[in-house]
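Residue numbers (numbering that gives the first Met the number 0), protein chains in the order written: chain A, 0 to 166; chain B, 0 to 115.
Note that these hints are calculated values from the structure, not bench results. Some hints could be false.
[Claimed, not checked] Which residues of chain A face chain B? A partial, calculated answer using Cβ under 10 Å: (1) V10; (2) I18; (3) R22; (4) P27; (5) L35; (6) R97; (7) R135; (8) L139.
[Stated by the list, open to error] With a straight-line Cα cutoff of 30 Å, these simulated DSSO-like cross-link-like pairs (lysine-lysine) come out: (9) B:K77 to B:K47; (10) A:K37 to B:K110; (11) B:K50 to B:K77; (12) A:K37 to B:K105; (13) A:K130 to B:K50; (14) A:K37 to A:K130; (15) B:K105 to A:K130; (16) A:K37 to B:K107; (17) A:K102 to B:K105; (18) B:K77 to B:K54; (19) A:K130 to B:K107; (20) A:K130 to B:K47; (21) A:K102 to A:K130; (22) B:K77 to A:K37.
Keep in mind that this is a model prediction, so the values were computed, not measured. Even for Gly, the Cβ is constructed at its ideal location relative to N, Cα and C.
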Amino acid sequence: MAAKSNSALVVTLPSDLEIVMTREFDAPRHLVFEALTKPEHVSRWWGCRSSTLSVCEIDFRVGGSWRYVMRMADGGEFAFSGVFHEIAVPERMVCTERYEEPKFGNPEWVTTLTLEDLGGRTRMISRVLHKSVEARNGHLQSGMEKGAGETFDRLAELLASLAQAAV
Amino acid sequence: MATDALSATFSALADPTRRAILARLASGQASVTELAGPFDMSLPAVSKHLKVLQKAGLIARGREAQWRPCRIEAGPLKEVAGWVERYRSCWEESFSRLDDYLEEMKWKEKKHGRKK
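Work out the full structure, taking the sequences as your base and the hints as a guide.
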């Protein structure tokens with residue numbers, strides 16, 4: 000179906016400090032908002048392959064904090080936490096996000112989540128804003144160590160996504 | 000690639016004109032005059048962009064011909080494309096799980112609604 004083709008996740012780099020993810024979901028906006036902000040739901044889907052959320056705490060109010068701990072199959076853990084700055088149910092949420100890793104200086108960024116009502120479907124736009132280009136690049140690189148070489152085909156996709164971001 | 004080199008790649012890519020130049024070069028080499036054509040820019044302005052791209056290792060300029068053709072250098076771009084793709088695929092795993100979970104939520108809401 001045509002609707003299905005729109006659900007691909009698009010990642011763009013509109014500036015030196017940002018990473019923007021756009022994706023559509025085949026569900027009404029209030030459900031998507033709940034799934035993204037309530038711990039009983041987040042713990043069901045969030046995280047990389049073969050990981051589980053061993054901690055998922057969300058105090059969903061302005062000034063409230065959240066913390067996730069992702070446990071990998073090999074027992075390794077990665078912790079993320081932050082504070083909510085803006086909440087407008089069911090369309091917008093702004094929070095800080097910190098990767099708790101002293102080795103990398105506990106990098107912190109601001110995430111702005113926007114949900115657009117497409118009538119039964121929902122478009123999610125997640126904008127990550129870093130303080131420096133080095134921090135942004137580090138974020139983008141995280142988890143890349145396992146990846147293999149990429150094909151040249153990706154180049155065209157990258158240029159297309161960069162060009163799209165520039166419009 | 001060293002962090003500095005990667006930063007140079009990213010800042011070279013941050014400009015829409017330079018991305019358009021790269022997109023043009025992805026389909027084959029071109030002269031400065033040919034590149035200037037679609038942008039309504041002076042040759043010195045285009046040359047300036049080309050210098051930034053060249054410094055970032057994103058393009059190379061031929062010495063063999065008088066018109067010094069520009070061509071794309073795949074290395075740094077492949078690296079950046081690789082990062083973006085790996086980042087994307089990691090999140091896509093999460094979001095496809097979320098797709099399934101949303102189906103469950105929709106079904107529960109419908110069932111709950113009927114009971115009322």
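Hint check:
no.: 1; hint: V10; result: 4 Å, holds
no.: 2; hint: I18; result: 7 Å, holds
no.: 3; hint: R22; result: 6 Å, holds
no.: 4; hint: P27; result: 8 Å, holds
no.: 5; hint: L35; result: 8 Å, holds
no.: 6; hint: R97; result: 18 Å, violated
no.: 7; hint: R135; result: 8 Å, holds
no.: 8; hint: L139; result: 5 Å, holds
no.: 9; hint: B:K77 to B:K47; result: 23 Å, holds
no.: 10; hint: A:K37 to B:K110; result: 20 Å, holds
no.: 11; hint: B:K50 to B:K77; result: 20 Å, holds
no.: 12; hint: A:K37 to B:K105; result: 15 Å, holds
no.: 13; hint: A:K130 to B:K50; result: 27 Å, holds
no.: 14; hint: A:K37 to A:K130; result: 28 Å, holds
no.: 15; hint: B:K105 to A:K130; result: 38 Å, violated
no.: 16; hint: A:K37 to B:K107; result: 16 Å, holds
no.: 17; hint: A:K102 to B:K105; result: 42 Å, violated
no.: 18; hint: B:K77 to B:K54; result: 17 Å, holds
no.: 19; hint: A:K130 to B:K107; result: 41 Å, violated
no.: 20; hint: A:K130 to B:K47; result: 28 Å, holds
no.: 21; hint: A:K102 to A:K130; result: 18 Å, holds
no.: 22; hint: B:K77 to A:K37; result: 38 Å, violated
In summary, the structure is inconsistent with hints 6, 15, 17, 19, 22 from the numbered list given earlier, while agreeing with the others.
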